[in-house]
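Top to bottom, those sequences are chains A and B. Residues in the first sequence are numbered consecutively from 1, following our numbering. Residues in the second sequence are numbered consecutively from 1, following our numbering.
Hints may be right or wrong, so weigh each one.
For chains that are exact copies, the list does not tell them apart, and a pair is met inside one copy or across any two.
[Stated by the list, open to error] Straight-line Cα separation of at most 27 Å, DSSO-like style, residue types lysine-lysine; simulated pairs:
(1) Lys75 with Lys146
(2) Lys146 with Lys15
(3) Lys75 with Lys121
(4) Lys75 with Lys15
Worth flagging that the hints you see were computed from the coordinates, not collected in a lab.
The primary structure of each chain is shown beneath.
2 protein chains.
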Amino acid sequence: MRSQGPTPRTEVRRKADRAHYTRDTIDAILDTASICHVGFVDDGAPVVLPTIHARVGDTLYFHGSPASRMLRHLKTGAEVCVTVTLIDGLVLARSAFNSSMNYRSAMVFGTARLVADRDEKLAALRAVTEHVIPGRWDEVRPITDKEMKATLVVALAIDEASAKVRAGPPHDEEDDEDLPIWAGVIPVETVAGVPVPDAASRDVLQEPGSVIRYRAGHAAES
Amino acid sequence: MRSQGPTPRTEVRRKADRAHYTRDTIDAILDTASICHVGFVDDGAPVVLPTIHARVGDTLYFHGSPASRMLRHLKTGAEVCVTVTLIDGLVLARSAFNSSMNYRSAMVFGTARLVADRDEKLAALRAVTEHVIPGRWDEVRPITDKEMKATLVVALAIDEASAKVRAGPPHDEEDDEDLPIWAGVIPVETVAGVPVPDAASRDVLQEPGSVIRYRAGHAAES
């Protein structure tokens, strides 16, 4: 496993036992989270916006309108912090103090760059579509030159990153363990509901492979 | 409905038709999201961390260890941006370009303050516990003075906030509407799995009301 080791910025200080610096762990979290939160500094103040991301190897890509404030900011090479968080469960201890959540989060710090190369841009847009729902890129109408021009793509190298993970049962104070209070974990997960075809697709077209596979991969476990 | 109107910071520029500035809409999103992402500026660079929040009236509260870098930063009155995002569905258009997500997000800007008053601090900690799982505060062992001292609470007034919401079907180009490509929405939701009691609770204690109600409120719809 590749490991980058913590930098002063990525070193997890609180609950350091939850820290992970291996790229396999970080990449798995980035790839599983459907969206990220991008932080940047605008006129001295922090701004945090949700957006779709996609990872290709050692690079994170973001896309949007050329009018996007975030992308216009990022393409100038401004510092950015990208954070993704997956909630896996509510951890109910016998005290509020020791109650927690099970989660997996990853942070990537760095400066982004505009993607000007057409091939890289196309690969990034494909990756973004496939990140949301694998298999969809080959089902949709191919992207046009006009759409390519109307889309801005920026890239962020995954050079400085860390992950933080909590899993498992609550940890109560020893004195609390015999209290007659239920303690444990409520798992939470993201599941897919029944697809809603638009008018023209209804009763005419079968659900495509991407949708069938996504539903199977996001069915409720219980 | 209270409406604050956009400020230069909260005015939604892209997809302005998705913007909402009424507090009822903003509050509902803040209350539904289990966690938020807090952005602040540390040594000139953006930092985005996930954390639990809770709203009491016009105030957002955050809690944690006095050693938390985020809380130590916030309690000095530094500028903060708090963003919450709920994903409601994948919007599959007939082109990648028009594909999207259905979501509800809210942003709150401002400067936080340390909560020193004991009553306000206690109410905030209660709100945080109840935010995660309503009814839990009265089930757990009461908080101790030692735990109160070991917890830092900061408050952020909801003075400058906005929301952005996308709902409904995909919007394809007119020329694409007759293509034989399935289009529609895959709803996604967060559901609760089967609770995992810790060793001491197993076979001895019944699931408490908070857990039963949470599961009922987070059951898969399909």
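Hint check:
no., hint, result
1, Lys75 with Lys146, "within (20 Å within a copy, 48 Å between copies)"
2, Lys146 with Lys15, "between (49 Å within a copy, 19 Å between copies)"
3, Lys75 with Lys121, "within (14 Å within a copy, 42 Å between copies)"
4, Lys75 with Lys15, "between (34 Å within a copy, 20 Å between copies)"
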